[in-house]
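With the hints as extra help, turn the sequences into a complete structure.
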Amino acid sequence: MNFRLRAASVIAKRRIFESCLSPGFYIAQAVGLLLSYFLISGFVSSIDSSGFNYMLHPLYELIGRSLAGAFGATFLEKLFAEGPFQFVFYVSFVPVFLYLSFSTVFHFGLEKKVGAIELLAYGPVDGTSYFLAFYIKDVALTVLYQLLLVLFLSAAALLNNLFLGPAFLYVLVVIFFMALMLYTLSILASVLTDGGASAMALYIGIILLFLIVMMGSFTIASGYVRSFSSVLSWVINWVSPFFYWGLALSSVEAGNTLNYFLILLVMAALSGLFLFLSHLVIKIKGVRP
Amino acid sequence: MKGLFILFFIFISIVPVVADVPVRQEQLIYSIMAFNGKDYSGTFCGENSDTIYLIADQDNFITARKTLVYYWPITGDWKTDTSALNYPFEGTLELTEKGRESRIINPERYTFYNIKGEYELNWEVATGDEAEKAWQHYQGLIEQYWQATSQYQQAKTTFDMMMNELAKKITEMRNSGIDVTELVEKLKALKSPEAPQPPDDYIVPPSPVQSAFILNLPRGEYNIRFIDGDDAVLEGSEKRVVVFEKRRADGIGFEVIPGDKWTRPVESKSPSSVLYVDGTTNLYLRPFFQDEFNDLFYQKMVKNDARGNPSLMNWVRIQQVPGARIELTGNNHTSEVLLEEPFYVEQTKGSALGYKIVPFDPEGVHKDRDPSLIAFRVPVNRERSLIKIKLLDKNGLNLASSSRQVRVIIKSRWQPLLFLLCLLPLLAMAVVRIIRSRKYSL
Numbered sequence: 000m001n002f003r004l005r006a007a008s009v010i011a012k013r014r015i016f017e018s019c020l021s022p023g024f025y026i027a028q029a030v031g032l033l034l035s036y037f038l039i040s041g042f043v044s045s046i047d048s049s050g051f052n053y054m055l056h057p058l059y060e061l062i063g064r065s066l067a068g069a070f071g072a073t074f075l076e077k078l079f080a081e082g083p084f085q086f087v088f089y090v091s092f093v094p095v096f097l098y099l100s101f102s103t104v105f106h107f108g109l110e111k112k113v114g115a116i117e118l119l120a121y122g123p124v125d126g127t128s129y130f131l132a133f134y135i136k137d138v139a140l141t142v143l144y145q146l147l148l149v150l151f152l153s154a155a156a157l158l159n160n161l162f163l164g165p166a167f168l169y170v171l172v173v174i175f176f177m178a179l180m181l182y183t184l185s186i187l188a189s190v191l192t193d194g195g196a197s198a199m200a201l202y203i204g205i206i207l208l209f210l211i212v213m214m215g216s217f218t219i220a221s222g223y224v225r226s227f228s229s230v231l232s233w234v235i236n237w238v239s240p241f242f243y244w245g246l247a248l249s250s251v252e253a254g255n256t257l258n259y260f261l262i263l264l265v266m267a268a269l270s271g272l273f274l275f276l277s278h279l280v281i282k283i284k285g286v287r288p
Numbered sequence: 000m001k002g003l004f005i006l007f008f009i010f011i012s013i014v015p016v017v018a019d020v021p022v023r024q025e026q027l028i029y030s031i032m033a034f035n036g037k038d039y040s041g042t043f044c045g046e047n048s049d050t051i052y053l054i055a056d057q058d059n060f061i062t063a064r065k066t067l068v069y070y071w072p073i074t075g076d077w078k079t080d081t082s083a084l085n086y087p088f089e090g091t092l093e094l095t096e097k098g099r100e101s102r103i104i105n106p107e108r109y110t111f112y113n114i115k116g117e118y119e120l121n122w123e124v125a126t127g128d129e130a131e132k133a134w135q136h137y138q139g140l141i142e143q144y145w146q147a148t149s150q151y152q153q154a155k156t157t158f159d160m161m162m163n164e165l166a167k168k169i170t171e172m173r174n175s176g177i178d179v180t181e182l183v184e185k186l187k188a189l190k191s192p193e194a195p196q197p198p199d200d201y202i203v204p205p206s207p208v209q210s211a212f213i214l215n216l217p218r219g220e221y222n223i224r225f226i227d228g229d230d231a232v233l234e235g236s237e238k239r240v241v242v243f244e245k246r247r248a249d250g251i252g253f254e255v256i257p258g259d260k261w262t263r264p265v266e267s268k269s270p271s272s273v274l275y276v277d278g279t280t281n282l283y284l285r286p287f288f289q290d291e292f293n294d295l296f297y298q299k300m301v302k303n304d305a306r307g308n309p310s311l312m313n314w315v316r317i318q319q320v321p322g323a324r325i326e327l328t329g330n331n332h333t334s335e336v337l338l339e340e341p342f343y344v345e346q347t348k349g350s351a352l353g354y355k356i357v358p359f360d361p362e363g364v365h366k367d368r369d370p371s372l373i374a375f376r377v378p379v380n381r382e383r384s385l386i387k388i389k390l391l392d393k394n395g396l397n398l399a400s401s402s403r404q405v406r407v408i409i410k411s412r413w414q415p416l417l418f419l420l421c422l423l424p425l426l427a428m429a430v431v432r433i434i435r436s437r438k439y440s441l
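Just so you know, the sequences run in chain order A and B. Counted from 1, the first sequence has number 95 at position 96 by numbering that gives the first Met the number 0; the numbering is strictly sequential. Counted from 1, the second sequence has number 62 at position 63 by numbering that gives the first Met the number 0; the numbering is strictly sequential.
It is possible that some hints are incorrect.
[What the hints assert, rightly or not] These stretches of chain A come out as covered by chain B in the derived footprint (C-beta under 8 Å, 3 or more residues): (1) 160-166; (2) 269-277.
[As the list claims (entries may be wrong)] Pair ranges (Cβ atoms, derived): (3) B:Ser402 / A:Phe37: 30 to 36 Å; (4) A:Ala253 / B:Gly395: 25 to 31 Å; (5) A:Val149 / B:Lys115: 41 to 47 Å; (6) B:Ser402 / A:Leu276: 45 to 51 Å; (7) B:Pro197 / A:Ser65: 47 to 53 Å; (8) A:Leu61 / B:Asn215: 42 to 48 Å; (9) A:Ser44 / B:Arg263: 15 to 21 Å.
These aren't lab readings, by the way, just hints derived from the structure by calculation. On a predicted model such as this, the values are computed, not experimentally measured, just so you know. Heads up, the beta-carbon is just placed ideally off N, CA and C, and yes, glycines get one too.
Structure below.
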């Protein structure tokens, strides 16, 4: 076990170093921060004497109309009740999250296909320590980006006299746990398939499925997506990171902080379960392409 | 041929003018008068809908009837045309709760009304003979009022005639050079009769006595069906009834009226919400109690064909907070207590359209008028970037979940710096690439 952890930590350090050398991570961060900048500027321009009015800014008009149409006016009202930062955080987190998880899926699949993992497995590294390294890399870089994002949003709040809001902290933590779950799912998709492309297809499929189910539950009733998703949701929700995200935030809204932390624990446990499943799969299937 | 062409031309001209009449369908509906937490709202559950939504532990009134239903595309609503067909069915309602035996509900005569009190919520429901009594009492009050009005009108006519006669007489005597002091004194002594006030016992008077099934149920899911006089189930009358309750009660919300847009108030309902404004005008606040309900259930209870979000809870305004005060804390941490004041809305002078809200002056310019607004005036300007408000009840105690922040947004001149911060990762990337290329270059 110690051997495996040591191998995982050595490979993870190498992976983090590689990520810091490649331009992709920086570009994803810059894209995320630029999205934040434009969304915050748009929000500031959407304020008049009566408060936030999304009709005042073309970008927010588009966002506001789309969100209100799909999820209802109550959803929109709650999303922007404390200010723009919940929404901004979600949007800005996506580029880095996608970059990290997709690169993990793609590299793992590619390295497995070309036999790189098999080669390493003859040495002190096994399949489990290899995917754990990817996981550690993703988690470390996510923490780094979240810190950068929080610093940037705090600066933006200070400059514009905005307020991060009490819900922001809860969102920050729950998004981190949601990312943990999704990273473990990316690893599971990688070990289940034999190549980068098939792993990517499976992973995107899983995310889309969870998203459809989540959007269905948030979509105003009588919409097509809702009726479709209601059939699937009762099974899928129990392993969906998006479901736990919604559940955690509704607990906070209802003032039930204990429930929020319990949900975080469940998310962490599910991440562990997915990692364990990945370990079992790689143990049975091996690391050969 | 020419005539045919003219006819064709007339037909083409007329077609766009003819209104598109919606298709009316004869349907069995449940007409619902549901208590929505603050009032009674009427809706109906037609053939397209399979569920009725009601608030728990409140009297709700349901009738089964045949009427015409049509879709009104302008508002996107389903409507009934009761003027053409409105046939109420006579029979009983069978109500079944999951896992329990069915019970039969018989129709009852009822009326509901809201009597005047300190709060707006003083709804009462009277059934059977009590309903008749309540209705008769109200009718009696109305009759008394009309009698008093009739007497007043007679007295007023007599008074006006006397006034006219005296005025005429005074004019004639004055023209003839006769002293009119005595008559002028008599004229001054005359008093106009006072107009009677309409009965103010009720905020909402009793509705005419009707017959309906009264559903007052605890939270849960039920099934209903209508049994007609022949003990047969009326086809299409099976519906699901979802009875829900509020998740939280007595939250505090604020109606926010900006000084320059008094016709467009906004509501601050989430307890943690922040009110961002541009600081160009003062705000007028009206606090209210609010209850929290499931968004979909509540919307569908008010209007059965409405849409709502089943995953969200929504605060619903219930009634004003009586005798409240607002504690206001500014940037310098000094606090002041605001009291509710009356205001009058005046149209701005000149060609520009707009309003301004001014303090109500009952003795001066606003004499004999009612205030347009009774609210708390929160002074906002660009120098006060942060205002914290807290609602106190009439005893000076802080009301839970009543704290809000008002923040004045001022675009900073440091915005370009923020933009440059976004490019920081790209700068870091360039630095790394340069270091790497130097390290590995010969």
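A quick look at each hint next to the structure:
1. Note: the segment 160-166 of chain A has 6 residues with beta-carbon separation from chain B under 8 Å; the three-residue rule is met and the coverage holds.
2. With 0 residues having a beta carbon nearer than 8 Å to a beta carbon of chain B, the segment 269-277 of chain A misses the requirement of three or more and the stated coverage is violated.
3. As the Cβ distance of B:Ser402 to A:Phe37 is approximately 31 Å, the hint placing it in 30 to 36 Å holds.
4. For A:Ala253 paired with B:Gly395, a C-beta distance near 29 Å keeps the hint of 25 to 31 Å intact.
5. Hint check: A:Val149 to B:Lys115, Cβ distance near 54 Å, so the stated range 41 to 47 Å is violated.
6. Roughly 46 Å separates the CB atoms of B:Ser402 and A:Leu276, a value that falls within the hinted 45 to 51 Å.
7. Checked against the given bound of 47 to 53 Å, the beta carbons of B:Pro197 and A:Ser65, roughly 50 Å apart, stay inside it.
8. For the pair A:Leu61 and B:Asn215, the supplied restraint of 42 to 48 Å holds, since their beta-carbon distance comes to about 46 Å.
9. Checking the proposed 15 to 21 Å range against A:Ser44 and B:Arg263 shows it holds: the Cβ atoms sit about 19 Å from each other.
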